[in-house]
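Enquirer: Chains as they are written, first to last, in my numbering: chain Z, 1 to 163; chain V, 1 to 199.
It should be emphasised that the hints constitute simulated quantities derived from the structure, not laboratory data. Keep in mind it's a predicted model, so treat the numbers as computed, not measured. One or more hints might be untrue.
Capping the alpha-carbon separation at 25 Å, the derived lysine to any residue pairs in SDA-like fashion look like this [claimed, not checked]:
id : chain 1 : residue 1 : chain 2 : residue 2
1  : Z       : Lys-2     : V       : Pro-54
2  : Z       : Lys-7     : V       : Gln-143
3  : Z       : Lys-147   : Z       : Ala-125
4  : Z       : Lys-147   : Z       : Ala-104
5  : Z       : Lys-2     : V       : Arg-194
6  : Z       : Lys-2     : V       : Gly-56
7  : Z       : Lys-2     : V       : Phe-100
8  : Z       : Lys-7     : V       : Pro-54
9  : Z       : Lys-2     : V       : Gly-32
10 : Z       : Lys-7     : Z       : Lys-73
11 : Z       : Lys-7     : V       : Leu-20
12 : Z       : Lys-73    : Z       : Asn-52
13 : Z       : Lys-7     : V       : Gly-118
14 : Z       : Lys-73    : Z       : Glu-54
15 : Z       : Lys-151   : Z       : Ala-105
If you anchor each label on the Cβ, the simulated ranges turn out as follows [stated by the list, open to error]:
id : chain 1 : residue 1 : chain 2 : residue 2 : range
16 : V       : Asp-22    : Z       : Gln-101   : 25 to 35 Å
17 : V       : Asp-22    : Z       : Gly-132   : 35 to 45 Å
18 : Z       : Lys-73    : V       : Gly-101   : 54 to 64 Å
19 : V       : Asp-22    : Z       : Glu-54    : 48 to 58 Å
20 : V       : Asp-68    : Z       : Ala-43    : 20 to 30 Å
21 : Z       : Asp-49    : V       : Phe-119   : 55 to 65 Å
22 : Z       : Lys-73    : V       : Ala-117   : 53 to 63 Å
23 : V       : Gly-185   : Z       : Gln-101   : 49 to 59 Å
24 : Z       : Asp-98    : V       : Glu-98    : 50 to 60 Å
25 : V       : His-55    : Z       : Ser-135   : 46 to 56 Å
26 : V       : Arg-105   : Z       : Arg-70    : 54 to 64 Å
27 : V       : Asp-66    : Z       : Ala-123   : 54 to 64 Å
Built from N, CA and C at the ideal position, the CB exists for glycine as well.
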Amino acid sequence: MKPPFEKLVERSGGVVLRVCRVMLSAHDAEDAWSETFLAALRAYPELPDDANAEAWLVTIARRKAIDVLRARKRQPAPIGEVPEAPTTLGVPGAEDGDLWQAVAALPDKQRQAVAYHYVAGLAYAEIAGILGGTSGAARRAAADGVKNLRKNYPGAATEGAPS
Amino acid sequence: MNMSANHFASPDDAETLSRLRDRLGLAAEAQGLLDVAYTTVDSPVGPLLLAATPHGLVRVAYDVEDHDQVLSTLSRRISPRVLRAPRRLDVAARELDEYFGGRRRVFDLPLDRSLSAGFRQLVQRHLPEIEYGQTRTYGQLAQLVGNPRAVRAVGTACATNPLPVVVPCHRVLRADGSVGGYIGGSSAKQALLRLEAAA
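Generate coordinates for the entire structure from the input sequences, incorporating the hints supplied.
Expert: What follows is the structure in structure tokens.
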């Protein structure tokens, strides 16, 4: 039986927020969170009872975030060059702040590719749609990012790493 | 490397999420997506869950009914578009507060009676005719609804009242004067009767 929608917000609100933050600025992430849950609320009566609600929500969240990113690309911010500096995306985690600092210090494309792939769970083709270029280039950027992390963050475990 | 979404958690997530959830309730209401809004309020008879559809207050539930269970039933019987959104319950919460403070004798907010049907709903519609501070027996109520032999069915109608306190099934007693059963437990029923007798 389908739980009350409030249960989904309770269980998955945090995960959806993190997915949005990984892809967007803090302000845009909150808007994407709201749009995600409104769209989900609208469609919820039609969701099959046995569906994985959290996976469904994350899929909607990624789509909403990609929409925002594409809209931003059509209206570029008035700066000539994006500096390759740590960004304000996300906030360091309490337990593993060092790893996050290492991620934040990656060159922009690598950082985004790593975050979109490993945290938001996007496929390389989707990442290519956001970053521009081919999905092969997105895969290489993520691989270079992971290689850099291994070098700069020796504490990182190696299991679960892509080959 | 073992990255997970936890690396993007922050200590003020709880605050952000609570703000976003408030905003979601308002937006859902504005877009006509809030089929069932609910909140919980404290009362002298324990925490009460209040739920409303766009038509009116649809459910008042005692703690002993298990609020999670009540919400699941609302989700199944009315709509799964259920959100904690206190604003729609503001009037109900205020009237209950006045009632428990001895400053209100009659509830006059819109009710959604869609959780009851047939004879049960008919009986429940008659319950407000028993005035504040008064009591009737199940037999007298059966007469009031024009079906004097339906004492048992009247009892069932009272026991399944989805809007206790607001629709005063607590004012119906057994013929021997004992309080009889109550959806919120007999001590809650006695507390309401004492409150009304004292005011």
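Enquirer: Confirm or reject each hint.
Expert: Each hint tested on the structure:
1. Lys-2(Z) to Pro-54(V): 21 Å, holds
2. Lys-7(Z) to Gln-143(V): 44 Å, violated
3. Lys-147(Z) to Ala-125(Z): 21 Å, holds
4. Lys-147(Z) to Ala-104(Z): Answer holds: Lys-147(Z) to Ala-104(Z) is near 14 Å, not above 25 Å.
5. Lys-2(Z) to Arg-194(V): 41 Å, violated
6. Lys-2(Z) to Gly-56(V): 23 Å, holds
7. Lys-2(Z) to Phe-100(V): 35 Å, violated
8. Lys-7(Z) to Pro-54(V): 21 Å, holds
9. Lys-2(Z) to Gly-32(V): Given that 25 Å is the threshold and the Cα spacing comes to 20 Å, the pair holds.
10. Lys-7(Z) to Lys-73(Z): 35 Å, violated
11. Lys-7(Z) to Leu-20(V): Roughly 15 Å separates the two Cα atoms, so the pair holds.
12. Lys-73(Z) to Asn-52(Z): 32 Å, violated
13. Lys-7(Z) to Gly-118(V): Roughly 32 Å separates the two Cα atoms, so the pair is violated.
14. Lys-73(Z) to Glu-54(Z): Violated, at roughly 28 Å.
15. Lys-151(Z) to Ala-105(Z): 12 Å, holds
16. Asp-22(V) to Gln-101(Z): 25 to 35 Å: 32 Å, holds
17. Asp-22(V) to Gly-132(Z): 35 to 45 Å: Between Asp-22(V) and Gly-132(Z), where Cβ atoms are some 37 Å apart, the hint holds.
18. Lys-73(Z) to Gly-101(V): 54 to 64 Å: This hint holds: roughly 58 Å between Cβ atoms.
19. Asp-22(V) to Glu-54(Z): 48 to 58 Å: 22 Å, violated
20. Asp-68(V) to Ala-43(Z): 20 to 30 Å: Hint holds: Cβ distance 24 Å, inside 20 to 30 Å.
21. Asp-49(Z) to Phe-119(V): 55 to 65 Å: Since the Cβ atoms of Asp-49(Z) and Phe-119(V) sit about 32 Å apart, the hinted range of 55 to 65 Å is violated.
22. Lys-73(Z) to Ala-117(V): 53 to 63 Å: Since Lys-73(Z) and Ala-117(V) have Cβ atoms about 55 Å apart, the given range 53 to 63 Å holds.
23. Gly-185(V) to Gln-101(Z): 49 to 59 Å: Taking Cβ atoms as reference, Gly-185(V) and Gln-101(Z) lie about 56 Å apart, which means the hint holds.
24. Asp-98(Z) to Glu-98(V): 50 to 60 Å: 56 Å, holds
25. His-55(V) to Ser-135(Z): 46 to 56 Å: Cβ of His-55(V) to Cβ of Ser-135(Z): about 51 Å, so the range 46 to 56 Å holds.
26. Arg-105(V) to Arg-70(Z): 54 to 64 Å: 60 Å, holds
27. Asp-66(V) to Ala-123(Z): 54 to 64 Å: 42 Å, violated
Hint violations for this structure: numbers 2, 5, 7, 10, 12, 13, 14, 19, 21 and 27, all remaining hints satisfied.
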